[in-house]
Amino acid sequence: MAKEELFTAGKLAEKWGVPAGKVKKAIDTLKIQPDQKKGACNYYNNTTAGKIKKAL
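Under the working numbering, the first residue of the sequence shown is numbered 1, with each subsequent residue one higher.
No lab work stands behind these hints: they were computed from the structure. Note that the structure is a prediction, hence the values are computed from the model and not measured. Treat the hints loosely; a few may be bogus.
What the hints assert, rightly or not - In silico lysine-lysine, DSS-like type, Cα no more than 25 Å apart, as pairs:
(1) Lys25 / Lys53
(2) Lys54 / Lys24
(3) Lys3 / Lys53
(4) Lys24 / Lys53
Unchecked claim - Derived CB-CB ranges, DEER-like:
(5) Leu56 / Gln33: 16 to 24 Å
(6) Lys54 / Glu14: 25 to 33 Å
(7) Lys25 / Lys3: 16 to 24 Å
Every residue gets a Cβ at the ideal spot worked out from N, C-alpha and C, and that includes glycine.
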């Protein structure tokens, strides 16, 4: 099974060239749950990232 690529809100913001605050606000507004959690960090896969990007 191929390893799925995961991103933090900060990495998504960097990838899309938008402020991290906007990405975090979109996540909070849509009440999106992380696909994976490691310690205090939340990670999102490409499918979830697409939902977040639509909300920006």
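Checked hints:
1. A C-alpha spacing of about 11 Å is found between Lys25 and Lys53, which places the hinted pair at or below 25 Å, so the restraint holds.
2. Our distance criterion of 25 Å between C-alpha atoms is met by Lys54 and Lys24, whose separation comes to about 13 Å.
3. The suggested pairing of Lys3 with Lys53 holds, with an alpha-carbon distance near 22 Å, which does not exceed 25 Å.
4. The suggested pairing of Lys24 with Lys53 holds, with an alpha-carbon distance near 11 Å, which does not exceed 25 Å.
5. With their beta carbons about 18 Å apart, Leu56 and Gln33 fall inside the hinted range of 16 to 24 Å.
6. A beta carbon spacing of about 18 Å between Lys54 and Glu14 contradicts the range 25 to 33 Å that was offered as a hint.
7. The supplied range of 16 to 24 Å is broken by Lys25 and Lys3, whose beta-carbon atoms lie about 29 Å from each other.
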